[in-house]
Structure formats: structure tokens, C-alpha cells
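Enquirer: Below are the chains, spelled out letter by letter.
There are 2 protein chains.
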Amino acid sequence: MGKVLVFGHKNPDTDSITSAIVYAYLKQQLGAEAEAVRLGEVNNETKYVLEKFGFEAPRLISDVSEEASEVILVDHNERQQSADGIENVKILEVIDHHRIANFETADPLYYRAEPVGCTATILNKIFKEKNVEIPSNIAGLMLSAIISDTLLFKSPTCTEEDVQAGKELAEIAGVNLEEYGLAMLKAGADLSDKSLEDLLTLDAKEFTFGTVKSIVAQVNAVDVNDVLNRKGELVSLLNKNVEEKGLNLFFFFVTDILNNDSVAIVAGNAAEDAAKAFGKELVDHQFDLPGVVSRKKQVVPVLTDALS
Amino acid sequence: MGKVLVFGHKNPDTDSITSAIVYAYLKQQLGAEAEAVRLGEVNNETKYVLEKFGFEAPRLISDVSEEASEVILVDHNERQQSADGIENVKILEVIDHHRIANFETADPLYYRAEPVGCTATILNKIFKEKNVEIPSNIAGLMLSAIISDTLLFKSPTCTEEDVQAGKELAEIAGVNLEEYGLAMLKAGADLSDKSLEDLLTLDAKEFTFGTVKSIVAQVNAVDVNDVLNRKGELVSLLNKNVEEKGLNLFFFFVTDILNNDSVAIVAGNAAEDAAKAFGKELVDHQFDLPGVVSRKKQVVPVLTDALS
Chain A
1 MGKVLVFGHK NPDTDSITSA IVYAYLKQQL GAEAEAVRLG EVNNETKYVL EKFGFEAPRL
61 ISDVSEEASE VILVDHNERQ QSADGIENVK ILEVIDHHRI ANFETADPLY YRAEPVGCTA
121 TILNKIFKEK NVEIPSNIAG LMLSAIISDT LLFKSPTCTE EDVQAGKELA EIAGVNLEEY
181 GLAMLKAGAD LSDKSLEDLL TLDAKEFTFG TVKSIVAQVN AVDVNDVLNR KGELVSLLNK
241 NVEEKGLNLF FFFVTDILNN DSVAIVAGNA AEDAAKAFGK ELVDHQFDLP GVVSRKKQVV
301 PVLTDALS
Chain B
1 MGKVLVFGHK NPDTDSITSA IVYAYLKQQL GAEAEAVRLG EVNNETKYVL EKFGFEAPRL
61 ISDVSEEASE VILVDHNERQ QSADGIENVK ILEVIDHHRI ANFETADPLY YRAEPVGCTA
121 TILNKIFKEK NVEIPSNIAG LMLSAIISDT LLFKSPTCTE EDVQAGKELA EIAGVNLEEY
181 GLAMLKAGAD LSDKSLEDLL TLDAKEFTFG TVKSIVAQVN AVDVNDVLNR KGELVSLLNK
241 NVEEKGLNLF FFFVTDILNN DSVAIVAGNA AEDAAKAFGK ELVDHQFDLP GVVSRKKQVV
301 PVLTDALS
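Going down the list, the protein sequences come from chains A and B. By the count of full-length UniProt numbering, the first sequence reaches residue 308 at its end, each step adding exactly one. By the count of full-length UniProt numbering, the second sequence reaches residue 308 at its end, each step adding exactly one.
Just chain A, with the same shape it has in the complex (with noise of 0.2 Å):
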């Protein structure tokens, strides 16, 4: 058996980066020769959760199958989402915690799906189920995980395991949560070195509501008056990424990860009717979302009903 190779999904979050990072270690501890790899750029949350922890970005690589033979696929499991050449490689495993769909095997595996907030969350118990020691900076990568997915535990995708999961794995990293917390995520919300392309590119995921073929990218602020001035140039650009891409709609929101509230900003003709879904009225592209900070829980399941 050569190398497998453990990856999270294209255009990496913290959790898909760091989660590849920690379960290789937790292979390799178990005696398997495995190797942590990225589909993407590493956004600059995740950058400062490698550099306080003292870890390097693992590799990047394209085409899968030109790299191995077997592989481990972490926080996600839609073909769309994971490596060029998925399809012909064998997937020994997967660790998850999305729902299941455009995933299949020719062969039984080691499928493990929790309704969690974050993979890491689940890690920790494959770590104490495996009885293999966590060590600090290994905690520090998991805790950030779960602070990123969860937005400091305020996200509703956030269970009670993801809350314990997070105070047991501070303990071992030797960090505050709270300071610790908050300190990463407004190092991933820092925009300031970002272009318009980036904001949109940055955590965009494609979705097919119905007939409705769309994107939803989500970025995070600390002000969000830092994207919203730029509002204008905005617009131009999603106008431009639905005409080139064939859209019906673009779904853009900015969440505000002090006060957990988001603004959309959409375009598309399916605009009107995304706004409407959230029993809202489009004004010049934009509509608010009080307490709305999750994607998965709040966003595409409103989309889903209304469009599909």
C-alpha cells in the first residue's frame, strides 16, 4: 500500500485545512503512511491558525489520481467539491460532517458522518476512541476548526459536542478561547488585502436550487462597511460572474462576526425571489439578514424551499 493522501474540499476553509493536517498525524500515529494535502489557496484565517501553531500549509496538488491511488477525504464528500480525478482513485474514508450527495464507491469504506458543527468535533472522539494521545498544537488546529465553522460557537450549525469539543481542545493547546477566538477570526475577516474577485471567490460554493443554478459565497467582516462601500463595483462584478457563468442567480453575504448578522448583496434574474424567500424586499441588490451566519443552516435550506 503507497502513500493515501487526506484532503478537505477545493477553496479550504480552516476546518478542511487543518482537518487534513490532524488526521494524517492521527494515520501515521495509528501506523498508516499518510500525507496531508489542499485543493486551494489557504484564506488567511487558516494562515494564522498554521503560523500560531507552527505548521506549514501542506501541499497543493491538482489532479488527484496522478498523486496516489488511495486517498481520505475530510469535511466534505460531493464529488463537485473534491479533487480533479476523484473518480479514479479509491476512497478508503471519510470523515464529515455535511450532508451526503453526488458521493458513491465501488467498495465498502469507513464512513464517518456526524450532525456536528465542525470534522474536528469529531476527531476528538476518533482520537479518544483510538486512544491516541492529542498533542498541543495538534489541539490548537482542531480548536480552530471548530471555532471558524462554528463563528465562536454562535453559528446554529454549533452542537453541545462542538462547545465541549472546543473547551477540552483550548485546555490542551494552552490558549483563552475566547481571546484566542476572536483574535483568529479577525485575522480571517481582515479584507483590507483583498480585491472584489477575491471577496466572491474566497468561500463560494455552487448550488442547483430547481432549476436555479446558483452560487452563495459568504465572507466574513468585522466592519461591514468595508465591503458594502465598495458596493457599486460589487454589483458590476456579480452582474458579470452571472453572464459569464450562466447564472440565475448570485448569492453574496457579508456576516458581521462581532455582532452575527449578515447583508446580502444578489444579482441574477432570481434575485428578487432569493430576497423574497427570506421575506425580504430586494433594494438596489441588497437586502439585511438579522441573525443569519450560517450558509448551511440558514441560507441554502431558505433557497432550497423557495426556488427549487
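Quick caveat, the hints were computed from the structure, so don't treat them as lab data. Remember, predicted model here, so these are calculated numbers, not experimental data. Be a bit skeptical, because a hint or two may be false.
No copy is singled out in the list; a pair is fine if it fits within one copy or between any two copies.
[As the list claims (entries may be wrong)] Below, computed lysine to aspartate or glutamate pairings styled on EDC-like, alpha-carbon distance capped at 16 Å:
#1 186 to 63
#2 125 to 63
#3 296 to 107
#4 130 to 161
#5 297 to 107
#6 167 to 273
#7 296 to 206
#8 167 to 179
#9 47 to 133
#10 10 to 84
#11 128 to 161
#12 297 to 33
Starting from the known structure of chain A, arrange chain B on it as the hints suggest.
Expert: Showing chain B alone in chain A's frame:
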């Protein structure tokens, strides 16, 4: 939250029936309102097991959406093997040891699949993880599922974990593993009350290999001649099925549970190719499968490779 129904696949085997009972028991111990149900008739082997350990067969259901809004699947995931109406209920959990295919959810769920020989082996782990004690009669059911799925540890699907779990469970159940295992398999291999129609449907699964529409059915026997003696009739019946169901292949094989060999009787326009796939010549619809006991590991992959 109403009652959660727990069930295995259509055409249930011992693992599908007992794992539903066992996991419903575990969920009850953890405070959930769970009921085991079944999607088809209980076979002779399973009847022997239920009687031995003092259980009634679970309630038979047809359209699951008329019974509950939330379900847990054990020992399967593919939609065509699951309950009618499955697309209209929420799948909360899956505990399985098969490949994943034709399965999709709208929401995150608990999905636990491991590449072991039997669902009960995974359940044995979950009992430990949840710190729930396994009562003697529940251990008996779990042990029986492992014996059934691994053909008393002889199947190539059997892993070291299955053997270990089997030994632990035999001790808790207070039975002699070898003696009980053979008696149970013999009870299941008693074909004396079965019509030929019964034999073809007892453990039949549908597959499509490329464009080759197929049924692959298996029966266990203490003496394969019990079945081969009726070969003329059997072949007529296979041909009838091929015609009526528009099949390219009906692959029926009888497994000798004492010697761990099988004999295949096949019909359909892909019958010769099926024999060739095993390096055999088809003689009067028949060929030997020495050492073959597992549809999943030794038959389906060979047919997939050769016919797809």
C-alpha cells in the same frame, strides 16, 4: 420528536433483522423512542435465531412514510434496497458495512460505515463507545448476525474485528461459538420447505453491470445436491424470470456451507460471458465456483469487471 423506525434492507437476512432490533434497543437505552421494523419475510435462519434468544420478529411495514417521519437504516443504504416511501422521510442515521451508492440526504446525518463483515460488529463498538452494557440475549442476536454474514468466519468479507467481536459476544451470550454457529447455519440451509421460486428470491439482489441487467441470488445449503437435483425445473424458472423481467443475466449460486464452495446456475444472454468471467466454461447452464462464498467480495466484483 415522534417514534423513529429502525430497519434493514428488503428481503432481510439475519443481520438486517437483528441489527434493527439491537440498534433500536441501544437507542432506547440512550433515551430515544425507537422501534425495529422489517421490510420483508423472516427467513428460516433468522427464525431460528429469534427463537433461540427469545425475540419476536419485528413488525412488517410497507410504505415507511405512512408510519413515521424519521428513520434509521441499518445494513444498507442504497435506495432500491430500502423501504418504499424512503424519499419522503428524514434519514437520521445509517449504520452499514456496504459500499455507498444511490444515497442522498438534504441534511447532515450520523452515518457510520466500516469495511467489516457485519453491521453487528460496528454495533458492538458503538455499545462500547456509549458505555451501554450488552444484555446476554442481545449479544446472541449480534453474534448470530456475524456468523450469518461471515459464514462462521469463512467468508473473505470477514475481518479480524468480526472474529474478535464474535468471540466477545459468544461469551456474553453464553453459547459455544462453533456448535451454535453450525446449528444456526444448518437451520438456515434447510431448504426442505422451500419451493424453487422461494430459492430464487430468498436472497436476491438486483445489479446492472454496464448494460447487463442482472439478478444475483444466493442460497446456502448443507448439500448442494438438494438444489442440483431439481436443475431442469430450476433452469426453466430462471429462463422465465429472465424473460418476464427483461434481464440479461440471472446468476443463481448455491453455497455449500460445510465445504465453502459454490455452484452457479445461470441464464440469460450474458450467461456465457458470466461463466467466462470466472475462467469457466458454461455447461448446461452450470459451472463450479470453488472457494466462492461471498456475493459481495467474490461474485459482484468479477461480474462488474467482466461485463461493465
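Enquirer: None of the hints should be skipped; say for each whether it holds.
Expert: For each hint, the structure was consulted:
1. Neither within a single protomer nor between protomers do residue 186 and residue 63 lie at most 16 Å apart by alpha-carbon distance, with minima of 33 Å and 51 Å respectively.
2. Neither within a single protomer nor between protomers do residue 125 and residue 63 lie at most 16 Å apart by alpha-carbon distance, with minima of 31 Å and 36 Å respectively.
3. For the identical chains of this complex, residue 296 and residue 107 are inter-copy neighbours only, at 9 Å across copies versus 29 Å inside a copy, given an alpha-carbon limit of 16 Å.
4. In the homo-oligomer, the alpha carbons of residue 130 and residue 161 lie at most 16 Å apart only across protomers (14 Å), although the nearest pairing inside one protomer, at 18 Å, exceeds that limit.
5. In the homo-oligomer, the alpha carbons of residue 297 and residue 107 lie at most 16 Å apart only across protomers (9 Å), although the nearest pairing inside one protomer, at 31 Å, exceeds that limit.
6. Within a single copy, residue 167 and residue 273 get their C-alpha atoms no closer than 41 Å, and across copies no closer than 60 Å, so neither meets the 16 Å cut-off.
7. For the homomeric pair residue 296 and residue 206, the shortest alpha-carbon distance inside one copy (12 Å) is at most 16 Å, but the shortest distance between copies (35 Å) is not.
8. Taking the shortest alpha-carbon separations for residue 167 and residue 179, only the intra-copy value of 13 Å comes in at or below 16 Å, while the best inter-copy value is 50 Å.
9. For the homomeric pair residue 47 and residue 133, neither the shortest alpha-carbon distance inside one copy (25 Å) nor that between copies (45 Å) is at most 16 Å.
10. Within a single copy, residue 10 and residue 84 get their C-alpha atoms as close as 10 Å, which meets the 16 Å cut-off; across copies the closest is 36 Å, which misses it.
11. For a Cα distance limit of 16 Å, the shortest separation of residue 128 from residue 161 inside one copy, 14 Å, qualifies, whereas the shortest one across copies, 18 Å, does not.
12. In this assembly of identical chains, the alpha carbons of residue 297 and residue 33 never lie at most 16 Å apart, being 36 Å within a copy and 26 Å across copies at closest.
Of the numbered hints listed earlier, those contradicted by the structure are 1, 2, 6, 9, 12.
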